[in-house]
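Protein chains: 2
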Amino acid sequence: MNGYELEDLPAEEIERLTERATALAESVRGLIQTTVVTEVGDADLDEAIAHIRAAQLLLSRKTLPGSFGVRFNSDGTRRTWGNAVTGTRNPVAPPVVLAHDGDRTWSEVTMGPAYEGPPGLVHGGVLAAILDQVLGSAAEHAGAPGMTGTLTVRYRHGTPLGPIRAEAWLDRREGVKTFTMGRIIAAGAVTAEAEGVFILPRWARGAAAESLRPGVGDA
Amino acid sequence: MNGYELEDLPAEEIERLTERATALAESVRGLIQTTVVTEVGDADLDEAIAHIRAAQLLLSRKTLPGSFGVRFNSDGTRRTWGNAVTGTRNPVAPPVVLAHDGDRTWSEVTMGPAYEGPPGLVHGGVLAAILDQVLGSAAEHAGAPGMTGTLTVRYRHGTPLGPIRAEAWLDRREGVKTFTMGRIIAAGAVTAEAEGVFILPRWARGAAAESLRPGVGDA
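Top to bottom, those sequences are chains B and R.
Numbered according to our numbering, the first sequence spans residues 13 to 231.
Numbered according to our numbering, the second sequence spans residues 13 to 231.
Chain B on its own, in the form it takes in the complex (with noise of 0.2 Å):
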């Protein structure tokens, strides 16, 4: 098993999977939210995590064998729910939800106190993270998906807790390599700065790959 799965599901039944898949992740980010700051005393607290921990002893009752991985439709849409940054259904993603404007990828998204580094801060790596997914997805929005090769960020200010903004686009493509630049926007200033390579898979290697599908080797 590669982590690729072709599911042949109805819109219908992917709609309500991702409506509950919401709605469970959306209540663990206000958790884990909570839990960064509460201040509340050991009674509380207890009481906290008996809930927690019967909260996970029911999603327990039946779980995947491995990770979430990458579903694939038969309408050629696919879920990445587990992935740490655009994770519909991963608590840890905020999640970036990207949308493509004319040749700009995008996303806004706001940073709450699990994402801090420095007092008040987002942490340099978050934004690194949210850079390179968002770099990413504008390379294969420019029709050369591929795995990440290099990544430079270059940070100009900190980046305030709170609303951001991601965005990337083409550079240029040299054969595999396809390289994409973007930017962190915060409170009317670029923060931070970042360049991106990525590689086209092997296996996508004189194909017509206008999207990634299931294969292996494109690690």
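Treat the hints with care, as some may be off.
It does not matter which identical chain is meant; a pair holds if it fits inside one copy or across any two.
Claimed, not checked - Taking lysine to any residue and the SDA-like style, the derived pairs with C-alpha atoms no more than 20 Å apart in a straight line are:
1. Lys-74 / Ala-154
2. Lys-189 / Thr-164
3. Lys-189 / Thr-162
4. Lys-74 / Thr-164
5. Lys-189 / Ala-154
6. Lys-74 / Glu-19
7. Lys-189 / His-153
8. Lys-74 / Leu-57
Hints in this document: simulated from the structure, not taken from any laboratory.
For this one, chain B is given, so just place chain R on it according to the hints.
The following block gives chain R in isolation, referenced to the frame of chain B:
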């Protein structure tokens, strides 16, 4: 308020708080991992969500007004529990626990399904976040704490989910800039290499900056 707080807590109280924070965060980390892979039906899901909301309500009874920031103790130790990569009480953080061995700063940590990018592999952005933290800690360990100026990550191979080792060391210092290098090792191979430039905060320049201290301007 700049997010740095000086707290004069006795050592045993800090130990007790650490134990409680760890118990809470670990329960939420377990819940996160299960959330990503659960396949239970609606009844279990609804009951789990009810428990999660109950837990959040309990923890919400008393919270910090903003993010966790950095708490200093009079003995010079500090707590960065909210940190998205190393935070003891931040369930988003694996957490990365840093160690120093001679001139090397390192961490060994297990990447569960919540840190997935490509199927079965760690998200490249998560690796960048860990490298940012470990390279920055290596700069601080070398006596030159700083904010990340530039971070470059070169991905050599996919990094399988599971145990990884991140390590970093000082390369050189040039004025207010400290250059560190590092890498990720997984399943016996170097899967990513990184270079970081860390900038000494303005407030620490000209002073004996042996450790990060409360102050403004370090953004």
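For which of the previously enumerated hints does the structure constitute a violation, in increasing order of number?
-> Going through the list in order, the structure violates hints 1, 4 and respects the others.
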